[in-house]
Structures are given as structure tokens and as C-alpha cells.
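Participant: Residue numbers (the numbering used here), protein chains in the order written: chain A, 481 to 788; chain B, 11 to 385.
Don't take every hint at face value.
[Said to hold, decoys possible] Between beta-carbon pairs, the in silico distance windows are:
hint, chain 1, residue 1, chain 2, residue 2, range
1, A, L496, B, R197, 20 to 30 angstroms
2, B, R205, A, P501, 14 to 24 angstroms
3, A, T755, B, V113, 57 to 67 angstroms
[As the list claims (entries may be wrong)] Just so you have them, the derived chain A footprint on chain B, three or more residues with Cβ under 8 angstroms:
hint, stretch
4, 58-67
5, 81-89
In case anyone wonders, no lab produced these hints; they're calculated from the structure.
Beta carbons are placed, not taken as given, at the ideal position from N, Cα and C, and that holds for glycine.
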Amino acid sequence: MQRVVKPKNPRAKRALVKREPKIIENTKQCLFLHGKKTGEFMRKCIKDIYALKRQDSKLLQSQDQLLPFEDILPVERLAHEHDASLFAYATHSKKRPNNLILGRMFNHHILDLIELGVDNYLGLEDFKNKKITVGNKPCMVFCGTQFEDLVDYKNLKNILIDFFRGVEATDVRLQGFEHALLFTATDDTIYMRSYKILLKKSGTRIPRVELEEIGPCMDLKIRRTKFASDDLKKKACRQPKHLKIGKKKNQSRDVFGTKLGRIHMTKQDLGQLQTRKMKALKKSSAKAKATNNEASTSTAEPMEVSQE
Amino acid sequence: MAATEDQLARLSKVKDIITKASQELKSIEVNREIDLEFDVGNLLVTDKNTLDEEAVYDPDTRPAYLQSLARDGIQALMSKVWDLPSHTEDNAVFVTLPKTTTVLPREKPVPKEKALTKWEQFARDKGLTKKKKDKKVWDHILKRWVPRFGMKKVQADKEKNWVKEVPGNVDPYEDMFAKEKELKRERVAKNEYQRLRNIAKSRKLKVPNVGVTGNDLATSKDLGVAMHHSRFATASKGKFQPTLPNEQVPKGLGKKRKHEQITGDGRAEKKRYMEVLKKVEKNELNLSTAVHKQIREENIEADLAKKGGKKQLRRSKAGGRHRTRSDHRASKLGKGIHESRKQKISKIKAKQETGGLGLGKGRRTERTGGKGKKG
Chain A
481 MQRVVKPKNP
491 RAKRALVKRE
501 PKIIENTKQC
511 LFLHGKKTGE
521 FMRKCIKDIY
531 ALKRQDSKLL
541 QSQDQLLPFE
551 DILPVERLAH
561 EHDASLFAYA
571 THSKKRPNNL
581 ILGRMFNHHI
591 LDLIELGVDN
601 YLGLEDFKNK
611 KITVGNKPCM
621 VFCGTQFEDL
631 VDYKNLKNIL
641 IDFFRGVEAT
651 DVRLQGFEHA
661 LLFTATDDTI
671 YMRSYKILLK
681 KSGTRIPRVE
691 LEEIGPCMDL
701 KIRRTKFASD
711 DLKKKACRQP
721 KHLKIGKKKN
731 QSRDVFGTKL
741 GRIHMTKQDL
751 GQLQTRKMKA
761 LKKSSAKAKA
771 TNNEASTSTA
781 EPMEVSQE
Chain B
11 MAATEDQLAR
21 LSKVKDIITK
31 ASQELKSIEV
41 NREIDLEFDV
51 GNLLVTDKNT
61 LDEEAVYDPD
71 TRPAYLQSLA
81 RDGIQALMSK
91 VWDLPSHTED
101 NAVFVTLPKT
111 TTVLPREKPV
121 PKEKALTKWE
131 QFARDKGLTK
141 KKKDKKVWDH
151 ILKRWVPRFG
161 MKKVQADKEK
171 NWVKEVPGNV
181 DPYEDMFAKE
191 KELKRERVAK
201 NEYQRLRNIA
211 KSRKLKVPNV
221 GVTGNDLATS
231 KDLGVAMHHS
241 RFATASKGKF
251 QPTLPNEQVP
261 KGLGKKRKHE
271 QITGDGRAEK
281 KRYMEVLKKV
291 EKNELNLSTA
301 VHKQIREENI
311 EADLAKKGGK
321 KQLRRSKAGG
331 RHRTRSDHRA
341 SKLGKGIHES
351 RKQKISKIKA
361 KQETGGLGLG
371 KGRRTERTGG
381 KGKKG
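The task is simple: from the sequences and hints, build the whole structure.
Facilitator: Below, the structure is given as C-alpha cells:
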């Protein structure tokens, strides 16, 4: 915690530490906003989505006129205050009826923005059945080739995964799969449906899955988009080195389990190696002179030294 | 007859039950044209098959069709999940999800590696480890457990040190308690200074390291540097600073002036001198600036001749540059000074092209390359 002005009590310190950038991050918090003249339809809609994401989101009271596509700064400021990196803003106007803007932040600045039009909406209360527990991690299904082919749809898929994924779970209880979200893409709309998973007996170990629709259900149409530039996207997706698993080179284990290492050496001149000296093999000075005389008279042959 | 009928009825009933049971235990197979793609870590299923467009567009068949799509996807996912390594805890079976494969952007950038502070580096080099200290310490004098820090510790200290012995070598009229307080304040200040110094170091800012820590801790070298700083921080940067009696000015401190090489090729030197020459000696005549200057001078003189005033060598009290009659006329018309001047300038230029410097009632407008007035 390298701050010039130190936090005055441990509680303040904990709050600051929570907001620091970390290697393994906190779950993305979401802000649900709506304007002053949204109308009951959109307010119900946003409340229902908030109900799905209760654990990691905040539903704020009606905001003054926000225009994310024109001036994103007030939204950024709000998100910074609440330490939220996702937001959903519902509005309704004559020009853009039943408007829902989903947005993503990186480092408290806007990353992606997408505007969706909501149609044929049925809320949680329209389906009269028992719902799921709050904060359940949903299973998501994306149908349709558009999610792979079209750029807008691809980005929207990424945003939706980010939005609804919830906690990055490592261990899941097998009975805990309760919620399923389906996004089907056709040329003009994306159908969002939400189901409750019922696990029935099948003859085998793996259960038979049955679904029951619990809502909310809506048809979305992509209106305006404002996606991040490629380099900003790259920057945002950069993962810390700690999480990358590197290969360990030059180490191996043999059959018996002993650890073997591999050392790379420079080329050694075997002629200059320090070995035990055998006096008998030593060339005496007289012999040396004789060989020298011989060498000077005849043409010197180059010596071949085998180098391995 | 009745018995066989009964038996038949029972048989049919049994058959019904069996068919029902077999129907219930439906298959868990999911067969699709293109295989589904999974990201089990995110509980994500991607279905790349082409949709039955009719079924989707028709609002009657839509719910059932979509539900069937979802069901297939989730069934396939469950098959994958059930095959993962599991462990049991508290009567519940847990499954370890694998790492996610979808690339999602982070919330905040990756934290930078923090540089070690001076103490941390020293501790690491020496091999010191952090020892966990107890919150309470046994106090022999008070015969109870006293917290190591905080309000209660201060109170306990007060209890213990209600009296202070005055040692022989200390001035008897000195307030020992005040001295203790002062020393504590110094220690706190030193700690704060060191914390800020660590922060400055990590942010790569420079901090003076002398004159703050106190005389006890400074070596002779440090004192020399302190003296140098105190001399340097004068108006003449220590050059004309008179020395105190018995003061020895420390040698070798301060920035050494770097002289250029006398030997070696003189290309850099030549280049430098030529650039200076270029700036000083301008052979070219900037025609437009010369013209404008001339025009301006003449305008001012003409104006002053009319008004009958002296040429103001200094700036006018009213402020701003000298505005001629036509300037004022133009501003009244609402055109602005510059517009009228532009027109006049174009006239002059036209005259120039024909022949001779068209002097006269020309007005200067645009600043030619910003050098008009300053030049």
C-alpha cells in the first residue's frame, strides 16, 4: 500500500486493498442504472436482470440524463465510485424505445459499449413457478452461426459471457446446477431465454436434463455499438505471468524416477585437457630437436585433430 | 373367462408401467450435426449448427424449439461435467472445474512488481525472517499483560514512568519528560520520512538524504554533503558564499562541468557553429516582412502626423498595439481589424506583382510566419 496519505484505520485500508489491481481479480461488479423517464417496462426488465445477478451488482436509483454514447464520463465516474466494471443502463424514448445499454470497463475507463433493443419481454413474475437460488452460476448456451461469423455478435457474446458468468468457480457442487441461459442468434435478433435445470434419473450415472422456463425472456436487437480498439483489447486481455504455466526445460525423469538434468557446455579442446602426466610418454628435449629438424626440411603436413 | 380377462388387464397394466418407466429413463445422448464446443470452466456451450429458421421465426413453435436447443446443450455439458474429477465433502459431491478457455478482458491492469524497500532488501540479503509478535507483553514492573501498542500501552507506560531519575551528567533543570516527548516526536518523524522516501524511490523521484535524519546518524561524509547542500542552496550557488571560521569546503561535490573534446574530429563543433551562424546571419530578405514593416511604420507616422502626437516608444497605457484609423473604422463596421487588413494586403500583393513595391495606405494583416512583429 504505497500511498502518501495513509488510511487512518484498518477498515479504510481493507477497502483500499480491495480496490487495488490484483493478480487474481475480484468478481466483476455490475451497476444497474436507469433514467428518470424509463417507464415501467424497462424498469421491470432491469430489476429482473438484477435479480439474476444479485450477488455481484448494485441497483442504483434513477440517474440524471446519461448519454453513454455521447459522454461516457459520468458513467465512468459512477463505476469508479462503486468499483464496478460492468454496467447496464435502461432507457426509453421515442427514438429508442425499450433501450438497454450494456457496457464494460477496463481500469475504470470504458472498454465496450453495446446498445440493445428489448422486445417481447416476459419477466420473472410472468412465469408462475418456483425459481432458483440467488447467486447461482448459470450454464450458458449460445446457438447460431452468427456468434462466430459477425463481429458485432462475437463481441456481444463476449460481453454476455462476462456479464452473466458470475464467480470464477473452481469447485462446483454437482447438485448446484440450477440455472441455464440460452442465447439464440438469427440474422436480426438474439433470443434470450432463462431456464431452471431439473436433473432426472436416467439409466446411467449421468442424469437426464429437463428444463423449465422461469424467465426473464426477451428478444434483443443490436442497435449501436462502440467496441474497443484492437490494442486496448489486447492490453485488457493481457494475463499475468504467474498464471501462465511455463515449460521446465532441461529436466527429465528416467524410469526409476531419478531427476536428470541436461547441461550445455562450450566446445572443449581435448588437446588442452588437464590429465595425469605419464613421464614415459613425455618427449625428451633431444627427441624434440630431432623431430623439429625433420619438420623444417620436409613440407609440414597439417596435423589432423579430431574434434568431437 | 373372467380370470383371464383380469389377468389380461393386469398384464396390460404392467406393460403400461414398464413402458412408462422406460420412457422416463430417457437417453442422455445428444446427437448433433456439428459437435458442440465447450468451455467447461465457464459452464459455456457453443452450438454452431444451423438453426431451423422456420421454427425460430414462428412465435408458436419458438418456445418449444428453443427449449429443445437449450436442453441438448445443457445435457451435453452435464455429460462433460460428470466426467470431471470429483471429491466428496460434507455429504456433497464437488467437481473441480478446469481452467476457462474463453479470453475475457480483465477488470484492472496487471499489478506491477513492487520494488523492495531498503529494509526489505537488507532483510532478504541477511536472511532475516519476519517473526510473529504477540499482541500482549508481560510487564515485570506492573505484573500484568500489557498490549504491545495502542492506548492501553501508553497508559501503562505512564503508570510505570511516573518518576524519572535524573542522572549525574545531565543538567538538573532540564525537563526530562519533555525531552522524552521530543525524542518520540523525532522518531515518529523519522519513520514518516523513511516511508515517504520509500514511496518516492518506488516512483523514481529524487529525495535529499541529508539534513533530515538528525546529527547522531550522519557520518562525516553525510555531514560534508549536508554542508555542500547548504552552500549550494544560496543565490550564487555557493560560489560567492563566504565560509565560516574553521569551515572547510568539501571537495568533489556538486556537478562537474562537462567540457567538450578539444581533440577528435571537429564535425560536431562545426555543425554547432554553422547553426549559430545561420540564425544570426540571414542573407535572405524576407520580402513580405520587410514590406509589412515598412507599411506599418509609414502608417503609424501618418496617423501620428494627423493626430499631431509623439511616437510612443513605450507601450501605451491603454494597452495593445497601435490601431490606425481604418482599423477603428473596420471594427465599427463589424468586420474586425484583420479582415480589412487582409483585403488591403491582397491589393498590395497584386500591385507587387505588377511592378514595384506598392507602398501607400497598405495595411498589415496576417503575420507572416509569426515573425512580423517579433522580427
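Participant: Which of the listed hints are broken here?
Facilitator: none
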